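Same order as they appear, the protein sequences are chains A and B. Be aware that the first sequence starts at 6, since it is given in our numbering, and climbs by one per residue. Be aware that the second sequence starts at 127, since it is given in our numbering, and climbs by one per residue.
Each hint can be trusted.
From chain A, some residues computed to sit far from chain B (all C-beta separations above 12 Å):
(1) ILE64
(2) TYR179
(3) ARG278
(4) GLU288
(5) GLU357
Computed list of lysine-lysine pairs in DSBU-like fashion (alpha-carbon distance at most 35 Å, straight line):
(6) A:LYS63 with A:LYS221
(7) B:LYS145 with A:LYS166
(8) B:LYS252 with B:LYS229
(9) A:LYS277 with B:LYS153
Residues from chain A that keep clear of chain B, each with C-beta distances beyond 10 Å, as calculated:
(10) GLN50
(11) LYS120
(12) SER173
(13) GLU174
(14) THR274
(15) ASP348
(16) ARG413
(17) GLU424
(18) PRO451
It should be emphasised that the hints constitute simulated quantities derived from the structure, not laboratory data. Quick caveat: nothing in here was measured; it's all calculated off a predicted structure. For every residue, glycine included, the Cβ atom is placed at its ideal position computed from N, Cα and C.
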Amino acid sequence: MANYLLIDFGSTFTKLCAVDSEKCDILGTASDFTTVETDITEGYQKALKKLFDRIGKKIEFEQIIACSSAAGGLKMAAIGLVKELTVEAAKRVCLGAGAKVDLVLSHHLNNSEIKQIIDMNIDIILLAGGSDGGNSEAVIFNADLLGKSGIKIPVVFAGNKSAQDQISEIFKKYNMNGHICENVMPSINVLNINSARDKIREIFLKQIIEAKGIKKIESEINQVILPTPSAVLEAAKLLSEGYLDESGLGEIVVVDIGGATTDLYSICTSTKRSDVIVQGLEEPFAKRTVEGDLGMRYSAPGIVKSLSEREINFINKEKGVDIVEEVNRRYKNVKLLPENQHDEFIDQFLAEMCAYRSMHRHCGRITEVLTPMGKVFNQTGKDLSEVSYVIGSGGVIINSKHQYEILRQTTNILHNPSELRPNDPEFLIDHDYIMSAMGLLAKIQPMVALKIMKNHITQIRGNQDETSK
Amino acid sequence: MKTIVIGVIGADVHAVGNKIIEYTLNKSGYNVVNIGVLSTQEDFINAAIETNADMIMVSSLYGHGEIDCRGMRDKCVESGIENILLYVGGNIVVGKQDFNEVKKRFLEMGFNRIYPPGTSIDEALKDIKTDLGE
Chain A
6 MANYLLIDFG STFTKLCAVD SEKCDILGTA SDFTTVETDI TEGYQKALKK LFDRIGKKIE
66 FEQIIACSSA AGGLKMAAIG LVKELTVEAA KRVCLGAGAK VDLVLSHHLN NSEIKQIIDM
126 NIDIILLAGG SDGGNSEAVI FNADLLGKSG IKIPVVFAGN KSAQDQISEI FKKYNMNGHI
186 CENVMPSINV LNINSARDKI REIFLKQIIE AKGIKKIESE INQVILPTPS AVLEAAKLLS
246 EGYLDESGLG EIVVVDIGGA TTDLYSICTS TKRSDVIVQG LEEPFAKRTV EGDLGMRYSA
306 PGIVKSLSER EINFINKEKG VDIVEEVNRR YKNVKLLPEN QHDEFIDQFL AEMCAYRSMH
366 RHCGRITEVL TPMGKVFNQT GKDLSEVSYV IGSGGVIINS KHQYEILRQT TNILHNPSEL
426 RPNDPEFLID HDYIMSAMGL LAKIQPMVAL KIMKNHITQI RGNQDETSK
Chain B
127 MKTIVIGVIG ADVHAVGNKI IEYTLNKSGY NVVNIGVLST QEDFINAAIE TNADMIMVSS
187 LYGHGEIDCR GMRDKCVESG IENILLYVGG NIVVGKQDFN EVKKRFLEMG FNRIYPPGTS
247 IDEALKDIKT DLGE
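When you get a sec, could you build the whole thing from the sequences and use the hints?
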């Protein structure tokens, strides 16, 4: 018998999931508060005790592996040349690696931007710029400026390959923590994620988790292998594509609403239509976006920040609440759990807003262009209209009494024809909050992870006032 | 190797001529960056910055080229590629206008070479070789 323990050290909770690989099933799950400020093992031990209590006995594990977004997750700065090209490519690579992109910088850097990198405690810098054989002057200037500033933060160079040798020399000259990999945009509008993403994950593994106090746990577990969002992305990919003769679900979207961020993952091609002209930087098949201003607690104020006063007044009148007061209360008390109907009502409303907005930013756009040759369609971003499933994850969705209403916000409820949102998807729920755990398991036992996901990520269950569609 | 950004500007979807230009320039030993149809001025300029291009060659076949190209040189100046060569060709204006007048207007807009309808890419190639060196 082979049992695996999968751990997610989250910003608030340490979540455990024990799996029996022979039965292809979950033995149990448990969680407790993450205790990264003191000693991360405390929270882990508490959660482990709960897990054993639930299973009814102590069990041995073949392997214990973890992902982490504790201590602020992986904070990155993405640097490129032109905003729509290498800057965007660098940003997408960071997101694909499971990072939070706290700083996005373009063209020649200046000293105040360098200061920002230091002040914001960035974990890794991704330095891109120039297609292969293209501009190398800007990346060399930027690498030199970073070197002169004495920065010891790991720098991943993923720009113009023709500049590699000079960049290596700069890394050596200033004794920098520098790494070289393939260009994120080797030619115009072509996106090359893998090399830089793998390098970022490697640095995360070797250097970052140590700095975040997570290394302490390594004597008790085998390893921390991924940033949490990266694990979820792996799980979503597996669930979509299937493995060997076990089929997947096809094209899917996953929406994960957390306390600090709302993450959206789409696993699909950018378009299936032959009558559109797709423009802009190539879209990744497995794409993640993260909204740092949309969340249920830390980022709750962000939800109302972009509303006009008129909209706020409208909401207050319509719903009979003081929405600004409510989001501030949640921001001040991030551990707040809904205690009454009123709290649940507000959380539901905020979650719906997060789902709607995050999809608004994630999905592609289509516009009609009238030309002398007739009407043509111009598409930017990903077309999600044919996606088969939208999967809800994260505490607020899992615990909601109106899951359908939250997930429905990802579809085109306002009938805006220019937004390429899912048209008519089925809604599924990650009831046991297992996606990050299955992303970890996918690394060693993909078949088991896929089967468990297919059994546990299922339709909205009964006791909901709306069942499914 | 010299780099040339090519594409079709504006709400114009004429793709074939653009492919012929790409083929010819490639064969003549240039690094061609083809950004395709329905391209904006910004698309051309962004591609030129990233690829460190020596020249932007704009095609327009649907008669609105003059509107689409207005202000392009100014944007190049703002973007730090003020010295880039700008070529334009195709059916760049509406109707049968005196080409000398058209050429004058485009020269004033900051384009370096302007080609009338029906020009083959081979003719332009001579100028490219002169302007960029072999």
